[in-house]
Amino acid sequence: MLREENKMTSKTKKLSIGSLGPLLALAILVVVVSILNPNFLTPNNLLNLLRQVSINALIAFGMSFVIITGGIDLSVGSTLALTGALTAGLIANGINPALAMLIGMIAGAILGMINGLLITKGNMAPFIATLATMTIYRGATLVYTDGNPITGIGDSFLFQFVGRGYLFGIPFPIVVMLVAFILLYILLHKTAFGKKTFAVGGNIKAAQIAGVKSDKVQTLIYTISGLMASISGIVLTSRLNSAQPTAGQAFEMDAIAAVVLGGTSLSGGKGRLVGTLIGALIIGTINNGLNLLGVSSFYQQIVKGLVIIVAVLLDRKKK
Amino acid sequence: MKKFLLSMLAVGSLTLAGCGAATLDNGSQSSDSVNEKKPDELVVGVSISTLNNPFFVSVKDGINELADENNTKTIVSDAQNDSSKQSNDVDDLIQQDVDVLLINPVDSSAIQPAVEAANQANIPVIALDRSSDGGEVLTLVASDNVIGGEMAANYIVEQLGEKAKVVQLEGIPGASATRERGEGFDNIAKEKLEVVDSQAADFDRAKGLNVMENMLQSNADIKAVFAQNDEMALGALEALKAVGKTDVIVIGFDGNDDALKSVKAGELSGTIAQQPTEMGKLALQAAYDYFAGKEVKAKIDSPLELVLK
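In order, the protein sequence lines correspond to chains B and R. Under UniProt numbering, read the first sequence as residues 1 to 319, first letter to last. Under UniProt numbering, read the second sequence as residues 1 to 309, first letter to last.
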């Protein structure tokens, strides 16, 4: 058992030194955009950019755990919409905002746990299980909201602060992102649970023989993914001052892209949370940078795809 | 490596914190008197809800047409029907020091914080087609969707008499156009028609086709369809054609090029035509008027008409 875990950790260490592709891609992007548009490197725009990135990064952090175990979570966009709507609905009905946000996060964790149980106890492929819950959670959102955005949640200072406030001049969503990053970084790279996550993704049979309760690990990582989606949903709901029933559509794709850009392999067993953060920054820089350059969103999509290909190719070359 | 990156992050965020604290407090000068500018000195930020829909492409074309005539610089962004992307788009436009923002919101409630951000940066906002639930908007340029919905229902009553069986194809759930066109239609239809089904097809042609096919399974005897936009109407038309129902009245909304062609060819019965190019021009004209020191009305009606063969 110990030998297996050691092997895993040494492998990940080698990887983190070897794969500079994503960082290089980000650096090139930043240089190019800042040469083309002087507004890009202003402090205001960088804060603006990081605030935009935080929504995707929060989801992508959770998605990293899932992908490291060799799974996938397609339901995060719908989870975001449902938990955002639930939180907003509770607040609109006079529930204390702090309590409403807590309930929203618990709901997100439960929705994630359902994914985990379907996959481990129901023996379903993660792609299929989360594809199914993606449509179920979206449907539930539409039922709950009756298809209308939920408004009338703007009175609470606390709730407004989550998406629109500033802490020492830093937009609060960025603070949320950084705190989540540090906590999840420790969980993934410094704890036994993190080691087990890598072990399950590397070779689930070997991990089980070594005594890792893989079902428990997998259920927990989907729970984390659901929780992170709900936090992102709450931040977004606050930022937009309303819960949109159609919120978060295709967000799972941006999150997966951020994880893959960060050098985490879809086949599982390897990955770094720092990489995911860089991946999310790359996607955010493309969106923000191309917006500043006035590039049509049609081309933006092509560029986004191309950068994913280039960054992953750079990463492969390094190995 | 990890430690290095972490410390870089820490240093980076601290630096940002310093800059942020210093720069975020100076956005509150009052602007009672307009700083007059000529059209060719203006930089106009345009945020469109989606450029995947010909209607909004025409709105954008209208803006650009008038802008080109006057040498006005425009920066156009496409929110792809995503409220959170639009909020980012508007923030990005504000970063570029545009003089005025023309915003066609994906959603009226979700756009509010972005409008407030523009207010704080002293950038006047002109709303197109849909308004903002909050913040200060200089003017809203839009057709009266409620009246449009009523026009459609009244036409069906005129053609088929009272209590005719009709179905409705609704737009994106929650969008103001969906709510208002539906409200207008209901105002008349509740009393004078029998609405046997009403389903969302998200303003999308392919979904309009699918939803119509499904509706025909359970209600084969419908006499008329009101689609809340032309794309869905054209989709519904295909579904009806496929089962040989060419006598069903199909009324669309918007008056886009495809729909007008279809009406001319005698396929689509009619469309409540907005004039999106005109709408775009009216919005930019309002911006010109504002920067010329003229008074701008709080609501500017964009023309609307029922187009029949």
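Derived by calculation from the structure, the hints in this document are not laboratory data. Watch out, some of these pointers could steer you wrong.
Facing chain B, from chain R, some residues (calculated, C-beta under 10 Å) [unchecked claim]: (1) D97; (2) D99; (3) S108; (4) N119; (5) N122; (6) G266.
Just the calculated beta-carbon pair ranges, DEER-fashion [claimed, not checked]: (7) E136(R) x S156(B): 20 to 26 Å; (8) Y299(B) x Q120(R): 26 to 32 Å; (9) E213(R) x G139(B): 19 to 25 Å; (10) N187(R) x Q301(B): 50 to 56 Å; (11) G139(B) x P303(R): 54 to 60 Å; (12) A298(R) x L306(B): 20 to 26 Å; (13) D289(R) x Y299(B): 53 to 59 Å; (14) K299(R) x S156(B): 39 to 45 Å; (15) I309(B) x G266(R): 22 to 28 Å.
Owing to the predicted nature of the structure, the values given are computational and were not obtained by experimental measurement. C-beta: ideal position from N, C-alpha, C; glycine also.
Cross-check of the supplied hints:
The beta carbon of D97(R) is positioned within 10 Å of a beta carbon in chain B (closest approach about 7 Å), and the interface hint is therefore held. For D99(R), the interface hint is violated, since its Cβ never comes within 10 Å of a Cβ in chain B; the closest pair sits about 15 Å apart. Nearest Cβ of chain B to the Cβ of S108(R): about 8 Å, under the 10 Å cut. The hint holds. For N119(R), the shortest C-beta to C-beta distance to chain B is roughly 13 Å, which exceeds 10 Å, and the interface hint is violated.
The beta carbon of N122(R) is not positioned within 10 Å of any beta carbon in chain B (closest approach about 14 Å), and the interface hint is therefore violated. Annotation: G266(R) was flagged as interfacial toward chain B, and the flag is violated, the nearest CB pair being 34 Å apart, outside 10 Å. The supplied range of 20 to 26 Å is met by E136(R) and S156(B), whose beta-carbon atoms lie about 22 Å from each other. Taken as a hint, the range 26 to 32 Å holds for the pair Y299(B) and Q120(R), whose Cβ atoms sit roughly 31 Å apart.
Separation of E213(R) from G139(B) is about 20 Å and conforms to the stated range, judged on CB atoms against 19 to 25 Å. Separated by about 40 Å at the C-beta atoms, N187(R) and Q301(B) break the suggested range of 50 to 56 Å. One distance hint, 54 to 60 Å for the beta-carbon pair G139(B) and P303(R), is violated here, with the actual separation near 39 Å. A hinted range of 20 to 26 Å for the beta carbons of A298(R) and L306(B) is inconsistent with their spacing of about 45 Å.
In this structure, D289(R) and Y299(B) break the distance hint of 53 to 59 Å, their C-beta atoms being roughly 33 Å apart. Checked against the hint of 39 to 45 Å, the pair K299(R) and S156(B) fails, with Cβ atoms roughly 31 Å apart. In this structure the supplied range 22 to 28 Å is violated for I309(B) paired with G266(R), their Cβ-Cβ distance being about 48 Å.
The structure fails hints 2, 4, 5, 6, 10, 11, 12, 13, 14, 15 (numbered hints given earlier, in ascending order).
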